[in-house]
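The listed protein sequences correspond, in order, to chains L, U, Y and R.
For the first sequence, UniProt numbering begins at 1 and goes up steadily by one.
For the second sequence, UniProt numbering begins at 1 and goes up steadily by one.
For the third sequence, UniProt numbering begins at 1 and goes up steadily by one.
For the fourth sequence, UniProt numbering begins at 1 and goes up steadily by one.
Keep in mind the hints are simulated off the structure, nothing from the lab.
There's no promise every hint is true.
Any copy will do: because identical chains look the same in the list, a pair fits if it lies in one copy or spans two.
[Stated by the list, open to error] List of simulated lysine-lysine pairs, DSS-like, C-alpha gap at most 27 Å:
no. : residue 1 : residue 2
1   : LYS473    : LYS380
2   : LYS311    : LYS465
3   : LYS473    : LYS61
4   : LYS56     : LYS259
5   : LYS191    : LYS402
6   : LYS135    : LYS61
7   : LYS172    : LYS135
8   : LYS172    : LYS127
9   : LYS135    : LYS191
10  : LYS311    : LYS336
11  : LYS61     : LYS132
12  : LYS56     : LYS80
13  : LYS410    : LYS446
14  : LYS56     : LYS132
15  : LYS422    : LYS311
16  : LYS127    : LYS259
17  : LYS336    : LYS348
18  : LYS56     : LYS127
As the structure is a computational prediction, the values presented were derived from the model and not from experiment.
Protein chains: 4
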Amino acid sequence: MAESTGLNEACGVFGCVATGNWPTDLDVPHTIYLGLIGLQHRGQESAGIVTSMGNKNSRYKIKKGMGMVNGIFHEEELLKLRGNLGIGHTRYSTLGASDTSNVQPFVVETLHGLIAVAHNGELTNAKSLKTKLLKHGVGLSTGTDSELITQLLTHTPECGEPHGANWIGRIKRIMSETVISYSLVIMHDDKIYAVRDPYGNRPLCLGKLLPATAFAGKKEVDKDDLDGWVVSSESCCFNSVGARYYREVLPGEVVELSKEGVKSVYIAPRPNDTPPAMCIFEYVYFARPDSIFEGQMVYTVRQRCGRQLAKEAPVDVDIVSTVPESATPAALAYAKQLGIPYGEVFCKNRYVGRTFIQPNMRLRQLGVAKKFGPISENIKGKRIVLIDDSIVRGVTMIPIVKLLRAEGAKEVHLRIASPPIKHPCYMGINIPTTQELIANKISMDKLAEYFDADSLQYLTVEGLKHAVQQGIKDDENDRVGHCVACLTGQYPVKIDW
Amino acid sequence: MAESTGLNEACGVFGCVATGNWPTDLDVPHTIYLGLIGLQHRGQESAGIVTSMGNKNSRYKIKKGMGMVNGIFHEEELLKLRGNLGIGHTRYSTLGASDTSNVQPFVVETLHGLIAVAHNGELTNAKSLKTKLLKHGVGLSTGTDSELITQLLTHTPECGEPHGANWIGRIKRIMSETVISYSLVIMHDDKIYAVRDPYGNRPLCLGKLLPATAFAGKKEVDKDDLDGWVVSSESCCFNSVGARYYREVLPGEVVELSKEGVKSVYIAPRPNDTPPAMCIFEYVYFARPDSIFEGQMVYTVRQRCGRQLAKEAPVDVDIVSTVPESATPAALAYAKQLGIPYGEVFCKNRYVGRTFIQPNMRLRQLGVAKKFGPISENIKGKRIVLIDDSIVRGVTMIPIVKLLRAEGAKEVHLRIASPPIKHPCYMGINIPTTQELIANKISMDKLAEYFDADSLQYLTVEGLKHAVQQGIKDDENDRVGHCVACLTGQYPVKIDW
Amino acid sequence: MAESTGLNEACGVFGCVATGNWPTDLDVPHTIYLGLIGLQHRGQESAGIVTSMGNKNSRYKIKKGMGMVNGIFHEEELLKLRGNLGIGHTRYSTLGASDTSNVQPFVVETLHGLIAVAHNGELTNAKSLKTKLLKHGVGLSTGTDSELITQLLTHTPECGEPHGANWIGRIKRIMSETVISYSLVIMHDDKIYAVRDPYGNRPLCLGKLLPATAFAGKKEVDKDDLDGWVVSSESCCFNSVGARYYREVLPGEVVELSKEGVKSVYIAPRPNDTPPAMCIFEYVYFARPDSIFEGQMVYTVRQRCGRQLAKEAPVDVDIVSTVPESATPAALAYAKQLGIPYGEVFCKNRYVGRTFIQPNMRLRQLGVAKKFGPISENIKGKRIVLIDDSIVRGVTMIPIVKLLRAEGAKEVHLRIASPPIKHPCYMGINIPTTQELIANKISMDKLAEYFDADSLQYLTVEGLKHAVQQGIKDDENDRVGHCVACLTGQYPVKIDW
Amino acid sequence: MAESTGLNEACGVFGCVATGNWPTDLDVPHTIYLGLIGLQHRGQESAGIVTSMGNKNSRYKIKKGMGMVNGIFHEEELLKLRGNLGIGHTRYSTLGASDTSNVQPFVVETLHGLIAVAHNGELTNAKSLKTKLLKHGVGLSTGTDSELITQLLTHTPECGEPHGANWIGRIKRIMSETVISYSLVIMHDDKIYAVRDPYGNRPLCLGKLLPATAFAGKKEVDKDDLDGWVVSSESCCFNSVGARYYREVLPGEVVELSKEGVKSVYIAPRPNDTPPAMCIFEYVYFARPDSIFEGQMVYTVRQRCGRQLAKEAPVDVDIVSTVPESATPAALAYAKQLGIPYGEVFCKNRYVGRTFIQPNMRLRQLGVAKKFGPISENIKGKRIVLIDDSIVRGVTMIPIVKLLRAEGAKEVHLRIASPPIKHPCYMGINIPTTQELIANKISMDKLAEYFDADSLQYLTVEGLKHAVQQGIKDDENDRVGHCVACLTGQYPVKIDW
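Input sequences plus hints: build the corresponding full structure.
Quick look at the structure:
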């Protein structure tokens with residue numbers, strides 16, 4: 001239930017390179033468009049696509065807009081965007097910015113040609129990087145970390161020219177100056193660079209675009225038959241562009257995509273040999289359940305969270321249920337683990353009305369009831385445990401329990417498949433201020449009462465980590481670790497804020 | 001899976017009368033707006049609201065538009081629509097009509113003042129009614145049955161004036177001239193007439209608007225405290241407007257809503273004492289699961305369909321699943337009945353892209369894959385039975401089975417929680433032509449093979465009827481019956497087409 | 001200066017028939033589009049086009065919209081409207097009607113097929129016609145006279161069928177029931193009927209569409225080479241559609257346009273042998289100066305008005321000028337007649353801003369100054385006479401004189417090339433209420449002082465009539481007469497209001 | 001007739017400072033809005049407004065958009081833009097840029113706070129300035145000279161900090177690096193800097209905002225009563241914002257506007273004591289006739305051009321006329337000088353239709369005829385001289401002469417009130433390529449024949465200069481000079497292109 005309460009992902013990035021030359025079987029702009037549709041859950045404020053024919057002096061074709069991917073790109077625009085490679089971006093709605101100057105990808109002209117940059121994440125040392133650029137005399141126009149990265153890429157420190165047109169060198173320099181958090185796709189000439197910060201805080205993965213023959217039939221695909229390569233924040237969109245999951249971009253890795261294929265060109269070290277720190281909430285809430293991180297499907301992890309929760313916090317009830325729909329895998333697993341029937345208690349109205357400045361008390365009282373229709377037969381006289389994935393501000397939980405009570409629930413127990421959120425995130429997630437977090441407002445032992453629930457229990461931090469990490473193969477060279485800063489207050493790096 | 005394959009509901013109607021006078025606690029236009037949001041699944045092409053202060057010469061305030069309810073009504077429009085009563089309508093997308101002349105409610109001036117009419121249904125004798133009006137010299141501008149009803153209401157037969165300003169008399173006259181199918185809300189002066197055809201083919205029900213105090217707290221509400229009354233195609237929207245289910249409008253009944261309350265003013269007889277004939281597909285597919293028809297919740301009926309299907313067509317598999325999300329209750333019940341685990345095999349992308357005139361074969365091949373992400377762990381190596389609520393043209397089932405096979409399903413069985421659709425509907429449902437229906441194209445014994453499934457079975461007509469009717473209280477005076485014409489070809493009345 | 005002060009034309013009508021069959025050299029929808037652009041000054045609220053292939057059962061193609069012609073019709077719409085004949089309409093902004101139900105042409109289905117109707121004018125006996133239809137039991141949905149006409153055309157009086165499919169008979173019947181004011185174009189099957197009321201109150205004329213060869217070169221055109229025929233409210237648009245002026249539709253005449261050519265089929269008599277009564281303000285203000293009425297160009301008539309004004313009301317000044325731009329021909333002629341130089345005193349800003357609810361007194365004071373930039377050299381120290389075509393409410397004249405005074409004008413005299421407007425119009429012109437008319441608010445001898453002018457004189461009614469009528473050939477059979485009701489209060493017919 | 005043939009102004013700039021603090025009588029955003037409406041003729045592609053409360057850390061309020069000023073700014077936006085000072089910009093449509101990233105004013109954050117910049121002009125040494133910035137490592141995102149200026153302002157050369165927060169110093173540095181052409185308004189903290197390049201190539205002038213009492217009545221205004229100060233590309237908009245013309249910003253001058261008033265802070269020298277070089281086409285065509293440059297009204301200069309043309313190229317005809325409407329003052333003066341009557345031969349349709357990809361030859365042939373209705377009485381049998389302000393590509397002149405011939409003109413002579421355009425402009429004017437200019441395509445002695453005219457003569461360069469310069473007071477310290485490069489090929493500076 002994080003969605004409606006302020007826990008918001010910052011962005012999705014996508015890139016695509018065709019192995020052939022236009023016109024080809026692979027329609028690059030269309031593929032990026034479908035990729036962004038598949039990443040829409042990571043950002044709904046705005047979106048953009050930049051493509052290029054990939055020659056030295058190719059003009060970049062740019063289309064950006066406010067709103068949903070569907071509303072921005074129409075057939076004629078996609079036709080105009082034709083090219084041999086390109087990158088795209090979806091952005092979350094943070095402020096009601098009235099113009100498109102903040103919409104990514106950013107394109108700038110540099111001494112060595114055009115570059116386009118799309119970024120997911122938030123730089124923890126943005127402040128000092130910004131001061132550095134301002135001192136250098138660069139005027140900044142958007143106030144975004146992504147513009148910082150773009151200008152830093154073109155930046156020539158101390159008026160020298162240490163890297164010239166060597167873009168990999170320039171990327172390495174940035175990675176040494178800022179370590180968290182960013183997943184980047186950068187387009188220059190005929191190449192896309194996929195860059196993931198040393199901590200791997202935000203996800204990024206690679207896929208190969210199969211030829212039409214491959215997904216029409218079922219035969220194996222020869223490597224030389226590939227139509228192209230994609231890079232994406234999540235693998236969930238691979239199915240919808242005709243791509244097969246290839247592998248993750250590793251923490252700190254720089255991968256070069258071109259028509260020759262993908263090539264790992266660098267792996268940046270982490271300071272002090274600290275473990276990686278992928279955001280654990282990608283598993284808990286942000287990612288689509290059919291995405292794959294660290295070799296495991298998110299859906300599977302959510303089921304493990306539900307099973308773990310059942311072990312840590314069982315309850316004797318008639319029915320296990322959930323608030324549709326992100327906590328369903330956890331709820332199904334919780335039910336199975338305890339051998340209690342799973343049933344639906346709410347029907348979610350897919351068409352939710354505009355939130356008006358409600359004209360009177362009557363309609364204000366209705367609140368969340370607009371969204372959920374109760375399934376009486378599963379509520380009346382029943383002892384219910386409601387599984388949710390997380391609680392942020394707790395504002396929707398109150399009317400939901402009230403709705404169940406009004407429909408005659410005998411008992412209402414709450415079980416949350418993640419620990420209490422208590423601390424701010426400085427790495428790309430839009431969390432309400434610390435004071436607004438319900439876990440900081442109400443003491444744990446008063447919380448059940450606050451929601452008018454018969455009992456309430458969260459998953460432990462250890463339980464969550466166990467659920468996530470038990471599925472990760474513990475390679476010798478690859479350590480396991482996740483960022484749980486919003487739960488524990490222990491940040492992977494010192495925050496320069 | 002009827003939704004994406006052409007089985008479409010025609011409309012939703014809604015009406016609201018305040019017990020007090022403006023300004024009151026009850027915001028009539030806002031209430032209708034929220035009611036239409038709750039009926040949005042019954043029609044997404046266009047919507048309209050008409051309100052009135054309810055005095056003899058009150059001007060009607062009208063706002064109609066193309067598209068979704070949310071896109072049409074903004075706060076300022078709702079403020080302009082203020083009134084003491086009003087009606088609304090949502091309409092299904094049939095043709096790409098480029099203007100709003102077909103959008104309901106229709107408002108006409110008559111010799112006896114203004115009337116507004118909203119209609120759900122389709123008249124089986126529209127042709128002869130139309131000829132009658134044309135012969136009378138009325139020019140018809142929209143080609144809709146709803147305009148026919150509106151003009152018939154104002155019509156003065158044989159140039160006489162048998163009913164004058166007696167609108168109940170006029171409604172009775174129409175009910176004697178056309179018996180199926182219509183659920184109407186008609187506004188005139190300070191009254192709304194709720195009218196359901198003698199066969200009760202389309203649903204219509206009443207609700208009372210509780211005062212804010214009632215849903216804030218939990219106390220019982222005094223009858224005199226009511227804020228108003230609503231009439232709606234379905235009860236699912238009552239929760240979101242702060243209304244409590246009161247009762248159904250009976251087949252053939254005319255109910256008058258005014259600030260004095262609701263009053264049954266007439267019950268039209270059915271010819272030859274035939275049984276009622278509510279559309280059984282309202283239970284199977286169209287209605288929202290939290291709506292109540294004939295004393296039972298639709299969700300409950302769908303679960304009974306699943307249970308009945310398990311009895312009629314069991315199968316030995318590892319996992320019971322469904323294509324999200326309308327068949328979920330049937331699938332859960334099917335699984336429970338057979339004691340087989342229920343699990344999700346698809347993650348549905350909520351953000352589906354525009355359907356372009358696909359530029360090349362590659363993207364055309366992707367098809368339905370854009371919408372569904374497979375949950376591998378529930379598919380790989382598993383024997384799966386997929387429950388769906390209905391099959392219409394069968395076009396999406398093919399790629400869905402292919403997707404399961406591609407992910408490594410060991411067996412794929414299909415079970416459909418309703419019988420094969422074989423015949424056209426003339427009573428308000430947009431069904432593809434008979435030739436397009438898969439049940440008419442492929443013989444039953446070839447169908448599993450056609451979908452590349454290991455087996456396929458439908459629920460029987462008797463099984464469906466039993467699942468629906470076993471929950472209806474068999475009152476002495478109230479006979480039980482449903483329209484199953486699209487399954488059997490036996491229509492409740494002779495079709496004048 | 002009538003434009004900005006509330007004297008508004010009601011509508012423009014246009015029709016077009018191709019002599020060939022689609023596909024032909026003549027693009028019918030494009031021709032109507034260009035025709036409506038040329039009639040845009042007669043109505044800017046909304047516009048519509050209806051076309052047909054012209055066969056017995058041809059579907060009508062309809063496109064209507066709110067706003068300017070340019071904003072409504074785009075290339076793809078015009079392509080969809082392809083047909084062999086069609087009619088169009090532009091409508092004036094009267095009320096801020098929020099939907100398109102009032103937009104013409106109206107299309108209705110009748111017992112004898114489809115008809116489309118476009119109307120310019122206003123029926124003086126609308127009230128009794130409406131009562132007749134309502135009594136007959138027709139529900140009326142738009143409140144417009146044009147819907148009345150459409151329903152009257154389909155109407156079968158006393159339930160008999162006196163005319164059946166005989167549309168000319170039906171048109172004659174309407175002309176006997178209502179005599180003023182209407183210019184109609186009616187489409188049915190392969191014909192367009194052009195109908196002008198017996199008084200000829202609103203203009204209507206015919207043109208022949210020359211083949212491309214004709215306006216490419218200069219050669220004479222063979223009659224058989226014509227591409228088609230057009231009918232239009234004004235001839236000013238003929239040039240822009242490649243048509244040559246043919247003749248006026250006479251008062252009371254019904255002309256049938258088809259691919260065979262034009263045919264006069266009826267001339268309705270005027271009651272009591274009264275003279276015709278074309279609206280004299282079509283000459284004074286409404287029409288475009290390059291239109292032709294009664295054998296004379298409007299520009300010429302306006303020059304005669306200026307000359308007559310110079311004779312009736314000369315003044316000794318340094319410069320003759322005008323408020324741009326409708327009074328320019330009158331001003332040029334006034335100057336020439338008196339031998340005084342003509343010069344411009346105002347530069348009109350073509351881009352006028354939105355009228356906001358002005359936030360403070362400062363900006364409210366600016367008023368008309370936003371529109372006009374003074375040309376100082378023609379003002380400073382000069383004695384000026386300002387010629388205007390008419391004064392309605394007089395609100396803009398005050399700041400205009402103030403502007404001239406502020407720029408140092410020595411004397412400011414006002415001469416109006418038409419008499420004072422004192423009475424309402426019931427025949428299609430939107431005039432402010434009688435109380436708002438400046439000629440009724442301030443006595444004639446106080447008016448100069450009211451405007452802070454040194455003198456003010458209007459053209460006399462006789463002078464105006466003389467200026468208009470001296471150019472009309474006085475045929476034996478054709479009497480001369482014009483409606484000057486708004487000036488004298490003497491209406492051509494009794495007003496049933 | 002330059003307008004429709006490709007001679008396009010690049011931009012308009014506007015700035016406003018209130019003397020009081022918000023809330024005040026002066027509504028700053030509204031004033032800028034009205035100012036931009038008055039500068040709309042200088043750019044119709046896009047517009048923007050930036051305002052500030054003027055405190056050290058005031059957030060800048062920004063609203064930009066594509067299209068006309070009227071379409072971009074609505075009342076609610078202007079309310080949000082409230083501030084004590086602000087600047088605005090209108091931009092000409094050059095390319096069909098699909099997003100707003102090029103829309104000015106530009107706002108950037110610098111080490112010393114926010115600055116906003118609006119620019120009219122084009123830098124002749126843009127290329128080397130750009131290289132300099134790129135070498136410094138600044139990524140450029142818009143490809144506009146205006147972004148160059150903005151980044152140069154924030155630039156710290158050689159990594160030193162020669163000017164720090166001293167913005168006047170920074171402006172001086174820019175003026176030493178680029179001398180033509182720019183008129184700038186720059187906002188920082190509580191000040192607006194108005195900057196005109198040393199050659200004064202683009203206009204810029206100052207006005208004082210009178211209190212409401214001043215333009216309500218007529219009394220003189222005390223200096224202390226001023227509501228504020230404005231700076232604008234042209235004075236024509238002063239009337240519409242309640243401002244009185246104060247003076248021009250001199251070539252090379254930097255003026256500081258603040259609530260304390262206006263202060264001249266610097267005058268940059270011109271290299272080698274060359275004369276100033278204001279674009280002479282501002283007089284000929286671009287500027288609105290009621291604007292004042294160099295102490296004279298543009299209208300007056302255009303009349304002098306007409307008079308000079310009459311002296312240089314008289315012709316014996318019956319009527320002097322013009323193509324509406326920019327050449328009217330020249331035509332009136334030409335007529336007066338020769339004692340030949342002036343008359344109108346064309347009525348211009350204010351509502352011109354969309355230019356479609358014309359579907360067939362017939363409509364393509366119509367061309368310019370759509371725009372102009374001939375006034376026959378002034379054409380038929382007449383010897384006509386048509387005065388136009390300029391000819392660029394000559395494409396519209398052909399159909400215009402044909403139209404006159406078709407209406408029966410006996411002779412058609414052409415006189416152009418400016419010399420032939422033969423060379424490109426590198427200083428802010430969008431001129432077609434040299435090859436497209438008619439003066440380069442057809443030899444002078446063949447041109448009359450090419451247009452099918454009886455004779456054709458242009459004003460001489462000397463004649464034009466005389467007409468412009470005779471009205472400029474020749475102060476001792478202020479030399480007179482204008483840029484006539486597009487006529488002679490002699491540019492005021494060497495072009496680095």
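Note to self: Are any of the numbered hints broken by this structure? If so, which, sorted upward?
What the structure shows: The structure breaks hints 3, 5 and 16; every other hint is satisfied.
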